[in-house]
Amino acid sequence: MNADSRKGELADLKAQLRQLAGSRQPGVEDIKRELYKKVISYMTIGIDVSSLFSEMVMCSATSDLVLKKMCYLYVGNYARGHPDLALLTINFLQKDCHDDDPMIRGLALRSLCSLRVKNLVEYLIGPLRSGLKDANGYVRTVAAMGVLKLYHIAPSQCTDNEFPAMLRALLLNDPDAQVVANCLCALQEIYTAEVNVSPETAARDREHLLSKPVIYSLLNRIKDFTEWAQCLVLDMVSKYVPSDSDESFDMMNILEDRLQHTNSAVVLAAIKVFLHLTISMADIHQQVYERIKAPLLTLVNSGSAEQTYAVLSHLHLLVLRAPVLFSNDYKHFYCRYSDPTYVKKLKLEMLTAVANETNTYEIVTELSEYAANVDVAIARESIRAVGKIALQQYDVNAIVDRLLQFLEMEKDYVTAETLVLVKDLLRKYPQWSHDCIAVVGSVSSKTVTEPKAKSALVWMLGEYAYDMPDAPYILEGFIENWIEEDSAQVRLELLTAVTKIFFKRPPESIKMLGAALSAGLADAHQDVHDRALLYYRLLQQGVEVAERVVNPAKQAVSVFADTQSSEIKDRIFDEFNSLSVVYQQPSYMFLDKEVRGPIELTEDSGILPLGPTIADDVLPSQLVDATDNDLLLSASDKEESVAAVSNGSHYSGPDLAGFESSSAPPRSTSSPSSTSQVTSTSAAAATSLLDFEDLLGLNTYEVSTPALFSLKLKTKPSLVAQAFQRKWGQLAVALTLDHTLSSPASLPTPQPLIRHMQSNLVEVMASGGKAPTFKFFFYAQAADSPSSSGFFLVELIVNTSTGFSQAKIKADDASLAPAFQELFLAILSSFGSN
Amino acid sequence: MQRFLMGQPLMRKFLGRVADVLTEYLGGLSEDLVKDNFVTIYQLLDEMMDNGFPLTTEPSVLKEMILPANLVSRVLSVVTGSSATLSSTLPSATSSSVPWRASGIKHSKNEIYFDLVEEMDATINKDGFLARCEVYGEVLATSRLSGMPDVSVSFTNPSILNDVSFHPCVRSQSWDSNQKLSFVPPDGSFKLMSYRVKSLKNTPIYVRPQFSSDGGVVTVTVMVGIRANVGKPVDNITLQLMLPPSVASSDLTANHGSVLPNHSTRVTTWSIGRIPKDKAPCLNGKLQLESGLERLREYPTFLVGFKVMGVALSGLRSDRVDINRVEYSAIKGFRAVTRAGNYEIRS
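Residue numbers (UniProt numbering), protein chains in the order written: chain S, 1 to 834; chain U, 1 to 347.
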């Protein structure tokens, strides 16, 4: 339809509607209905029919319900954009609010509330008030939601007219369950929004909503609610903390049959309640797992792939928390031919997670079948899964059999994955070298093309040169093809392997070493060049020195780094039955800032990420396009890794550092043999770090808070950057503090103060600024508080030229803030005095 | 924030339910149907949710508020001239204590039927072992009963059920205490319960595939037969062979039934139907591998289809249906059918 004919048609419609407006002749309703239908269709497909507004309103005087509905729909759609015209509708909507038919009353009230025009709010109050008192449940249902709509347009008018209080009364007393549900929904949203307006009242109101009488009245009639309202109620109940275990048991008894509901949403919501009620009762918690297993397992394999994935994600979370409880149910996680790849992948993770001594054989047999899968991605994942399981258990023969089977398949990607797997196995179980090497020996190096697999093979050749007679000759082949080797990772690996072989079998490899080093020195890749140069110079210092650095005795890796911190896992668990579980991320990581609420931290552009000591270590590239959030993140990550180094618990000397460092320094390429180099530098860094601290005399600090303070701090508070941001955004400033430092001159850089704070159990989250003004974010945690609460957050701004400092303190528990303030002041005053 | 965190399963399930309701109202769900029925859809959405919060999705309740715009009501509106897309009264169920059933329902003929529909999921692994076998079952009911009947159903062997879930109308206390289903049914068709039975030891039919490769040609032999007599004939047996990508061409024939290769999906379907008494069905033929390949490296998977009328393979049987609290006597019926669900055989 072109623009002209459309205009013509609209004019035509307009004329017809106008003609019908006052008409009372029989059959007019049917003609009107057809016209309205046309208008609605145009509106829906995006044609602007707002020019018909007055005609539509004129025709709205009708007793036909469908016509009315269409009219309401039209008005609701255009009122917002044409507030002046919307005024025309008020009259007939208000009249309809007093109709005899409850359905018309309800619909009119809903339309009235949905106009969303600020100037018209005054016309809304009266009908809304009488709607809430209407004799018919349908009208009250609409009215309850109308209050929420009013709140969104005009919050103060909503609260001033006591609407929330009316909803609260209905919540407890209304005979219609849907009214109760809508009240609950509206109140929750209103109180959440009120937090920004009047935090104290909102907190009190929320508390009231979560109080025993409210929760009990909802629970007692849970079966009256629709399935969706049940989800809402259950979600709220999961936030309620019962006073004792008897109460928990009562609640679980009431809710037990919700686990048998056909609606998976209800089942999952109920499961969340059960998990939260029993979180502090270990044995009951376990029984809950047993109880909820059956419904979850049913949901996994019945229904759509999307449902399967969502439920599996939830199960995955539970399995990781209690793998043993699911060890007999592994067959539920077998992949089916028709499963989409994303489901299969998750199932493989599940199989890996539940594997233990009793079921490993079956699981690995099953996984081995997938290795022949047509879906290459899944075939690869299956082999990795076998690898992960192998790393958990000790049956060398069974595993080696599988490996041979994989290699016999003669498929490039299978061979590649297998090689990587063998390498990881050897890093954990060096004692298996004999069996594993026998397997690797059968691989023809020409079939290995993937860099990861090639690196693994080269590493094994260098590491186990004694067990493989022809290792030097295979490596020689690689060296000859140096130019053709595209991957820098492989070339790095080659350098290390050749050097290691040289220590073990010098006569056979000296020539090759020369070739490799000269090729490396000429290499265009900076890292390769540097490593070649390093080895060259080390060798100049003497073979023994070089061997101590390049090929120290290794300690087997006991645990490979876990990618997700337990705090994050706990947080995801708290958000059970939400997208967080499906994304495997806590909500603050994927929700928009607007949704999360304001975060003050981000307004400061001057914050630089700083670990406690290695401020220079941040790669420039990381700084370039990262937002403040990311900077904070990288700062805290680094802090952790540095903490691991400086703790010294895993690192007693330069050659013991092992592979664990592969999780640490961001600049490391962290390929297996390159770690020997990285290790030595990081270990050396660790030593020098210790020396440095000794020089400063920092180790002499007492690592405990002075006894005269009532508040004790936790020795190792742990708070990730995101959690810090979230808390900072949520909490109000409890106290502020002004102080003048006694020796401001001792602050050329932020580090001394950071160290001073750390020695007094106050950790740094981020610091930044330029002399003379520095800004710090500190945190500490009260001793004896659970892992996620009892935190104190401090923003400290220090002017080093005047010594003037100003602190803002926020606390999870505001009542502890004064004690903390006192303590913080004492710590701050002691800076520079000793 | 509250809303963003509202259960993900809830959102997914709700959207699914909306689609179900629309399908039922429009007799399908397609772009054209949606375009033709904007008004009905708007009306439905209005009653199903308000301000983003789900209200009722119970079809029986919705139908009392908004009549389906199907042929019957259109004809009706032409004949009587009355507006027929909407009933003039509010459904009593919106405020009834039995939200799934309106009061005052009347049928001239009172009847209730139950369908036991089971799907068998099984995986036979490469070595011919039953890696897993489970049955997912549903009891579908169609109720046309007047008044407020109270129905109870009992099973001979409820203990085999591994996990059950019920329609909201089922009283769970009754199930917990004596394993009986006791409920006031909604009017019309609904899913009364669904269940899972795990660790079945046997499947009704066997499939024995054999592959031998020689110089790029794979010889295939597949035998199919009845493994155990289930009391009723096994019908509609089909076998789908998923060819791996390394197979260039195939030439397969069978001594019974029809073989239909589909080159675009790489699926060859062998429809057997019922196993004949006099011979064992057998599929023979050769697969030509892509040049350069000596032998088959990915082994194909077979998907099996079958149907058994009159028997629930899980063994579940109902022994009694009682209808109480009504004056009339009603016709009661129970049927069972088992189909292959995800029944796969790896070779």
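There's no promise every hint is true.
Using 30 angstroms as the maximum straight-line C-alpha spacing, the simulated BS3-like pairs for lysine-lysine come out as follows [what the hints assert, rightly or not]:
| id | chain 1 | residue 1 | chain 2 | residue 2 |
| --- | --- | --- | --- | --- |
| 1 | S | Lys554 | S | Lys712 |
| 2 | S | Lys345 | S | Lys388 |
| 3 | S | Lys37 | U | Lys126 |
| 4 | U | Lys63 | S | Lys38 |
| 5 | U | Lys191 | S | Lys331 |
| 6 | U | Lys63 | S | Lys345 |
| 7 | U | Lys201 | S | Lys293 |
Some but not every residue of chain S turned toward chain U, in silico, with C-beta under 7 angstroms [stated by the list, open to error]:
| id | residue |
| --- | --- |
| 8 | Ser5 |
| 9 | Arg6 |
| 10 | Cys231 |
| 11 | Thr298 |
| 12 | Ser788 |
Source of the hints: derived by calculation from the structure; they are not laboratory data. Quick reminder that beta carbons are idealized off the backbone N, C-alpha and C, glycines included.
Results for each hint:
1. S:Lys554 to S:Lys712: violated (41 angstroms)
2. S:Lys345 to S:Lys388: Cα-Cα ~14 angstroms, so holds.
3. S:Lys37 to U:Lys126: Judged against 30 angstroms, a Cα distance of about 61 angstroms means the pair is violated.
4. U:Lys63 to S:Lys38: Roughly 24 angstroms separates the two Cα atoms, so the pair holds.
5. U:Lys191 to S:Lys331: holds (27 angstroms)
6. U:Lys63 to S:Lys345: violated (42 angstroms)
7. U:Lys201 to S:Lys293: With Cα atoms ~22 angstroms apart, lysine 201 of chain U and lysine 293 of chain S stay inside 30 angstroms; holds.
8. Ser5: violated (19 angstroms)
9. Arg6: violated (17 angstroms)
10. Cys231: holds (5 angstroms)
11. Thr298: holds (5 angstroms)
12. Ser788: violated (17 angstroms)
Hints 1, 3, 6, 8, 9 and 12 from the earlier list are contradicted by this structure; the remaining hints agree with it.
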